[in-house]
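Peer 1: Each chain is listed here by its residues.
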Amino acid sequence: MEIKCFHCGLAVPAGSHYQTKVLNKPQHFCCPGCLAVAESIVENGLEDYYHYRSEFAEKASENDEDLLEKLSVFDDDLILSEFVGKNNSTHEIQLTISGINCAACGWLIEKQLSKLKGIMQVAVNVSARRATVSWDSDLLQLSAILKHIENIGYHAKPFQPEQHEASYKQENQAFLKKLGLAGLMTMQVMMLNIGVFFDLFGHIDEQTKQYFNWVSLLLTTPVLLYSASGFYSGALRALKAKSVNMDVPVSLALSLTYLSSVLATFQNTGQTYFESLSMFVFLLLISRYLEHGARYKASQLSANMLEYMPTMANLVENKQVHPVLAKSLKLEQLVLVKAGDLVPIDGTIVEGQGQLDEALLTGEFELVSKTKGEKVYAGTVNQLGTLTIKVTSTLKHSVLNQINQLQSQALANKPKIAGIADRFSQYFVAVVLLTSAITYLVWHQISPEEALWHMIAVLIATCPCALGLATPSALSCAVAHLNGKGILLKRADALEQISNVDWVAFDKTGTLTEGKFSLSQCVNNIDKRDEHWLQVAACLEQYSEHPIAKAFEDIQCPYPVVNFSTVIGKGIQGTINNIQYKLGSELYMEQEIPKPLQICNVFLQANNRVLCGFALADKIRPSTTAILETFKDKKVTLISGDAEPMVYAIAKQLHIPNWLSKHTPEQKLGVIKKAQKDGYTVLMVGDGINDAPVLAQANVSVTLGVSSDLAKSSADVVLLDNSLDKINVVFNIAKRCKNKIKQNIGWAIGYNILVLPLAVSGVLTPWMAVIGMSLSSLIVVINSIRLLK
Amino acid sequence: MSIIYVLIPIAILLVCIAVFVFFWAVKSNQFDDLERHGSSILFDDDLPKHKQNSTPPTPEKHE
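Residue numbers (the numbering used here), protein chains in the order written: chain A, 7 to 795; chain B, 73 to 135.
These are computed hints drawn from the structure, not numbers from a lab. It is possible that some hints are incorrect.
Dumping the calculated BS3-like pairs for lysine-lysine here, alpha-carbon to alpha-carbon at most 30 Å [as the list claims (entries may be wrong)]:
id, chain 1, residue 1, chain 2, residue 2
1, A, 741, A, 680
2, B, 99, A, 163
3, B, 99, A, 588
4, A, 534, A, 522
5, A, 153, A, 31
6, B, 99, A, 183
7, A, 640, A, 522
8, A, 556, A, 153
9, A, 638, A, 625
10, A, 175, B, 99
11, A, 215, A, 248
12, A, 175, A, 744
13, A, 333, B, 99
14, A, 795, B, 99
15, A, 344, A, 491
16, A, 522, A, 638
17, A, 333, A, 344
18, A, 601, A, 638
So the derived label-pair ranges between C-beta atoms look like this [claimed, not checked]:
id, chain 1, residue 1, chain 2, residue 2, range
19, A, 415, B, 92, 36 to 42 Å
20, A, 763, B, 96, 43 to 49 Å
21, A, 508, B, 107, 36 to 42 Å
22, B, 109, A, 526, 36 to 42 Å
23, A, 249, B, 92, 35 to 41 Å
Per the computed footprint, the stretches of chain A lying under chain B, defined by three or more beta-carbons under 8 Å from a beta-carbon of chain B, are [what the hints assert, rightly or not]:
id, stretch
24, 178 to 185
25, 357 to 365
26, 440 to 449
27, 621 to 631
Ideal Cβ placement from N, Cα and C applies to all residues, glycine included.
Isolated chain A (complex conformation) (with noise of 0.2 Å):
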């Protein structure tokens, strides 16, 4: 059978001995990373997060000793600054951890975290993966926070809420409480006239029931001035643009029957309705309630995704380096950028060479080799060498803010459809209005002083209540789903829009292919073994920086490496067992490249023989070839910033017809409005900087999980396991969510039209249509939630 690890639950691999006692019981571990979280844990005394967590936790990574230099960022005052709410040495910050995923992590995180000296309060909060911590920043560092939460395996980011967050917090905070002002008084309300109703107390006397109409009376004013204020405003909103929405309705009958009953009670005679009132307000504000719950969270999770890092630059004065913000640079100014640092502004270099990762401007993650003279750009990387640049812009013209600019601007443009239900609503509500004007003027001549109570049912018993529900609860439902999937849906409204796609684009490093180098050939000039050239070539690369060096990760390096020495564009060289090595590309051999060898990139040589060669190639990704047959009906475009021969050649390996080369960011974006403009719906799928601005204009975007910060904040569907067959899973709800709106309108509607010739005949009292109202409205919900399976 096959063993699973006991911390992550991913199977252990054959021949590992990774074990500690947890629970009294020996466990097995997949890694030493899973391990050492595990003894971490319990160790500190809190195994019981193992006896009640109902998920397993996520693969811890390996120890990376450099976490703490890394962490150590966030101990400038200058950051902190940024962040941090301080009172005196009391700190106060916001985390965004990843890892959690049920209540036992955030009991774990709390523990863990308040045995540390100089912890003041921490609050984790499990549904939006946050917690608020606060320390005395005379006994504590933040890193030493950070790397306190990264030992029991979660990883914590300070960050800042998005604006419109905190709003979207006061709301829902707002419906909370007038929710559960109308459901107390509800309560109360429906006591005291259920004995009436039925008359389930004999015979009530006048004074007692006149005396319940003053406490009714008394108990639903709160809940129409406060609960329902929002259906009030929204009415005023709407007829002001001269249009109407489901709150005129609403709006109308409540306040006509709070009138006539207000009426009825001053004049003790006819009937009153408060219970039917306060019941129909907390019915309405539940649907309202989950829909903008749905919103609330969407936009929570997706904040936390934006790692919030300000950009340090090092600034030289004097020939002395400190660090800056990189924001408060200014023109003429020298930075100093080393090796694996963000370029922090544009610039161009004045001393040094370098390469450079430009994978924000092309998407391309191949190092640019860049000297003296040339111009770099803020949010590439300098990968090897260092720089000294000269600031030519200041930050807020970089090219990167203008990709920026470009995003949100793109953003404001994109193509609002409205959903089914909104269309609907506004006939809806139109015919609603009518029926119940006729209904009114016909009772009137009939009996007058029935009249009013006949149009109060007209509108109650048609309230667009299941109307409202049967969008937001479908929705939902289908985004719960959909998280617990590993799929993250920013905007629930990009599901009804994702069954129209017809044309798609994709990116392509990165987004169809894996966006690094992995080994596809190594061809072998010698009769040694493959194994042992490939070894060799591990051990020089696991000291280099550059991304070719990532793809002989995986080799195991038996040799010690000495002398090891890097050629800028070049490659590298090292000396093992006393023979030295040349590993680079063809420029660095010092002989011909063999006929064989010549489909290779990269070579090794020794004693002036090249001995092997390794084809290095940007690998497809395994779901990339399932996801375009499920394509082949519609328009499926390749977009790229990268060289012709390049996506050419992708494009024809993946039979993609359409494809498009050495593509700006702008360029893109003007791909993408042009098949709008043709009546196009456009799905894009990309993953970088530069394919931010097309994520944020096309109608539904998806991005992967390992995605800049950029792409995730535009994009509407983030496929959190990099999985891009899991597009279809989301087409399948889209489908089904639609199939489930349209089942909802299909019988909320149906079943107004069923009533409302009961109710325009006077056969339907009001508190009978509050009833039926609910009942409707939860047919709805239950019919929703079997989205969830």
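Following the hints, position chain B against chain A.
Peer 2: Frame of chain A; chain B shown alone:
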């Protein structure tokens, strides 16, 4: 039946208190995380001491 003239105002008073408490709870973010606190009661703060090297329970500062 005249007792209801006393009981109902008392009930109203209690409801007002309930509304007030509910508003306070919402305002102090107690409804922010509805997933987790349902199971909070399951967790023991201290484990039974079946391990020698388990750290002694430290005083908790919590919420």
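Peer 1: State for each hint whether it applies.
Peer 2: Hints versus structure:
1. Our distance criterion of 30 Å between C-alpha atoms is met by residue 741/A and residue 680/A, whose separation comes to about 27 Å.
2. For the hint pairing residue 99/B with residue 163/A, the CA-to-CA distance comes to about 26 Å; that is within 30 Å, so the pair holds.
3. With a C-alpha separation of about 67 Å, the suggested pair residue 99/B and residue 588/A falls outside the 30 Å cut-off, and the hint is violated.
4. Between the alpha carbons of residue 534/A and residue 522/A the distance comes to roughly 28 Å, so the proposed pair stays at or under 30 Å and holds.
5. With a C-alpha separation of about 28 Å, the suggested pairing of residue 153/A with residue 31/A holds against the 30 Å cut-off.
6. Under the criterion of a C-alpha separation no larger than 30 Å, the hint pairing residue 99/B with residue 183/A is consistent with the structure, at around 9 Å.
7. Our distance criterion of 30 Å between C-alpha atoms is met by residue 640/A and residue 522/A, whose separation comes to about 28 Å.
8. Among the hinted pairs, residue 556/A with residue 153/A is consistent with the structure: their alpha-carbon atoms are about 26 Å apart, no more than 30 Å.
9. For the given pair, residue 638/A sits about 22 Å from residue 625/A by alpha-carbon distance, which is consistent with the 30 Å threshold.
10. Only pairs whose Cα atoms come within 30 Å are accepted, and residue 175/A paired with residue 99/B is accepted, the gap being roughly 11 Å.
11. Restraint check for residue 215/A and residue 248/A: the C-alpha separation of about 43 Å exceeds 30 Å, so the hint is violated.
12. Restraint check for residue 175/A and residue 744/A: the C-alpha separation of about 29 Å stays at or below 30 Å, so the hint holds.
13. For the proposed pair residue 333/A and residue 99/B, the alpha carbon gap of about 37 Å is over 30 Å, so the pair is violated.
14. Distance restraint check for residue 795/A and residue 99/B: the Cα-Cα separation of roughly 35 Å exceeds the 30 Å cut-off, and the hinted pair is therefore not satisfied.
15. A threshold of 30 Å between alpha carbons decides the hint, and for residue 344/A with residue 491/A the separation of about 41 Å lies outside it, so the pair is violated.
16. At most 30 Å may separate the alpha-carbon atoms for a hinted pair to count; residue 522/A and residue 638/A meet this at roughly 27 Å.
17. For the given pair, residue 333/A sits about 19 Å from residue 344/A by alpha-carbon distance, which is consistent with the 30 Å threshold.
18. With a C-alpha separation of about 40 Å, the suggested pair residue 601/A and residue 638/A falls outside the 30 Å cut-off, and the hint is violated.
19. Between residue 415/A and residue 92/B, the C-beta spacing of about 47 Å breaks the proposed range 36 to 42 Å.
20. About 48 Å separates the C-beta atoms of residue 763/A and residue 96/B, a value consistent with the hinted range of 43 to 49 Å.
21. Evaluation of the 36 to 42 Å hint for residue 508/A and residue 107/B yields a pass: the beta carbon distance comes to about 39 Å.
22. As the Cβ distance of residue 109/B to residue 526/A is approximately 52 Å, the hint placing it in 36 to 42 Å is violated.
23. For the hinted restraint 35 to 41 Å between residue 249/A and residue 92/B, the CB-CB distance of approximately 39 Å keeps it satisfied.
24. With a threshold of 8 Å between beta carbons, the proposed coverage of the stretch 178 to 185 of chain A by chain B holds, since 3 of its residues qualify and at least three are required.
25. Coverage of the stretch 357 to 365 of chain A by chain B is violated. Counting CB-CB distances below 8 Å, 0 residues qualify, and the rule asks for three or more.
26. Restraint check on the stretch 440 to 449 of chain A versus chain B: 0 residues with Cβ-Cβ distances below 8 Å, three needed, restraint violated.
27. Counting residues of the stretch 621 to 631 of chain A whose beta carbon lies closer than 8 Å to any beta carbon of chain B gives 0, which falls below the threshold of three, so the coverage claim is violated.
When the structure is compared with the earlier hints, violations turn up for hints 3, 11, 13, 14, 15, 18, 19, 22, 25, 26, 27 and for no others.
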